[in-house]
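A.B. asks: Chains as they are written, first to last, in my numbering: chain A, 17 to 127; chain H, 7 to 123.
Among the hints, a few may not be true.
As the list claims (entries may be wrong) - List of simulated lysine-lysine pairs, DSBU-like, C-alpha gap at most 35 Å:
(1) 61(H) x 53(A)
(2) 70(H) x 21(A)
(3) 70(H) x 72(A)
(4) 47(H) x 53(A)
(5) 20(H) x 21(A)
(6) 70(H) x 87(A)
(7) 21(A) x 87(A)
Claimed, not checked - Label pairs and their in silico Cβ distance ranges:
(8) 45(A) x 108(H): 15 to 25 Å
(9) 31(A) x 59(H): 13 to 23 Å
(10) 35(H) x 111(A): 22 to 32 Å
Hints are computed from structural coordinates only; laboratory data are not their basis. Quick caveat: nothing in here was measured; it's all calculated off a predicted structure. Quick reminder that beta carbons are idealized off the backbone N, C-alpha and C, glycines included.
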Amino acid sequence: DQQVKQNSPSLSVQEGRISILNCDYTNSMFDYFLWYKKYPAEGPTFLISISSIKDKNEDGRFTVFLNKSAKHLSLHIVPSQPGDSAVYFCAASRPGSRLTFGEGTQLTVNP
Amino acid sequence: GAVVSQHPSRVICKSGTSVKIECRSLDFQATTMFWYRQFPKQSLMLMATSNEGSKATYEQGVEKDKFLINHASLTLSTLTVTSAHPEDSSFYICSADQGDGSLETQYFGPGTRLLVL
Numbered sequence: 017d018q019q020v021k022q023n024s025p026s027l028s029v030q031e032g033r034i035s036i037l038n039c040d041y042t043n044s045m046f047d048y049f050l051w052y053k054k055y056p057a058e059g060p061t062f063l064i065s066i067s068s069i070k071d072k073n074e075d076g077r078f079t080v081f082l083n084k085s086a087k088h089l090s091l092h093i094v095p096s097q098p099g100d101s102a103v104y105f106c107a108a109s110r111p112g113s114r115l116t117f118g119e120g121t122q123l124t125v126n127p
Numbered sequence: 007g008a009v010v011s012q013h014p015s016r017v018i019c020k021s022g023t024s025v026k027i028e029c030r031s032l033d034f035q036a037t038t039m040f041w042y043r044q045f046p047k048q049s050l051m052l053m054a055t056s057n058e059g060s061k062a063t064y065e066q067g068v069e070k071d072k073f074l075i076n077h078a079s080l081t082l083s084t085l086t087v088t089s090a091h092p093e094d095s096s097f098y099i100c101s102a103d104q105g106d107g108s109l110e111t112q113y114f115g116p117g118t119r120l121l122v123l
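Same shape as in the complex, but just chain H:
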């Protein structure tokens, strides 16, 4: 299957700082990427849908000013957690859509573990 990478795999930061997470589709172009968050023992929750060249669409309850998403190219989307606080500590995972209309061709990255102290 297609490969999606995320960087960094884990990050520890101080409260109040900003953290950028990159999501790359390595062997295909993705017009749409998705950002999820998973708290311990909970499901993957969709945060936002990132479309190349346009503004991201955020799910209800997700602050767009806090979670900045940029999808500058067909292979890269970034999520910036601004002014991070301990409650933002979570597992963030992205996925990239090959764009063929099939749910099965949404490929996931390995995730980024964020710990805010």
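Okay, chain A solo, but in the shape it has when bound:
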């Protein structure tokens, strides 16, 4: 039962353009969502998060949008840079429970 899904295994964008990574979830009890970035041979590192009481959180070039009615969140990176090339995981949490991860999306930003 995959409660958090990232349907796009890969995404390729041009440097300077916007990258949009998507994530869908099925469990309406999830109330906190996080995005992680993972480079090869390294562990995932926390990028940005959002609580279910918000619909948007922004941190520099990174913005996460949450649409609770659609059970959908997205990560926007603008402008995209080659150093953003990595695997991006979304994760969700509900009270008293640990993180549930999506499958990850490989982002490639071309110079």
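Knowing the structure of chain A, use the given hints to seat chain H on it.
C.D. replies: Showing chain H alone in chain A's frame:
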């Protein structure tokens, strides 16, 4: 951010042997560590929660006798895959919790690639 290391980074073993994977928090004390497994093109699946000085809590479907977890100190947790079989081949990744109640301060190790022949 805080640093979590794993050793070894990759291991190849014969079927039937046991393999130990270490997870260390290098610059902070972690009362709680987590062990995940990731199969190709699948998500990180939580296997167990390791608490220092007490027994690990295993997720449903994870055999505790097969995946032995020891959290002997505040900076070290080990996962031993006993009598490994080819279906145990996977990417194993640990994380350590700084214990401040924040999900953002769960730091991940680089992972261990296990191949069982």
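A.B. asks: Hey, residue 61(H) versus residue 53(A), does the alpha-carbon distance stay inside 35 Å?
C.D. replies: The hint holds at about 31 Å.
A.B. asks: Taking only the CA atoms, is the gap from residue 20(H) to residue 21(A) under or equal to 35 Å?
C.D. replies: Status holds; Cα separation ~34 Å.
A.B. asks: Does the alpha-carbon distance linking residue 70(H) and residue 72(A) stay inside the 35 Å limit?
C.D. replies: violated, 40 Å
A.B. asks: Measure nothing beyond the straight line between the CA atoms of residue 70(H) and residue 21(A); if it is 35 Å or shorter, mark the hint as holding.
C.D. replies: Holds - the C-alpha atoms of residue 21(A) and residue 70(H) are around 27 Å apart, at most 35 Å.
A.B. asks: Holds or violated: the 22 to 32 Å window for the beta-carbon distance between residue 35(H) and residue 111(A)?
C.D. replies: holds, 25 Å
A.B. asks: Mind checking the alpha carbons of residue 21(A) and residue 87(A) for me, to see if they're no more than 35 Å apart?
C.D. replies: holds, 11 Å
A.B. asks: Could one say that the CB atoms of residue 31(A) and residue 59(H) fall in the range 13 to 23 Å?
C.D. replies: violated, 49 Å
A.B. asks: For the pair supplied as a hint, residue 47(H) and residue 53(A), confirm whether the alpha-carbon distance does not exceed 35 Å.
C.D. replies: holds, 16 Å
A.B. asks: Look at the Cβ atoms of residue 45(A) and residue 108(H) and judge whether their distance stays inside 15 to 25 Å.
C.D. replies: Given range 15 to 25 Å: holds, Cβ gap about 20 Å.
A.B. asks: Would the hint linking residue 70(H) and residue 87(A) be met if the CA-CA limit is 35 Å?
C.D. replies: Cα-Cα ~34 Å, so holds.
Checked against the numbered hints given earlier, the structure breaks hints 3, 9 and satisfies all the rest.
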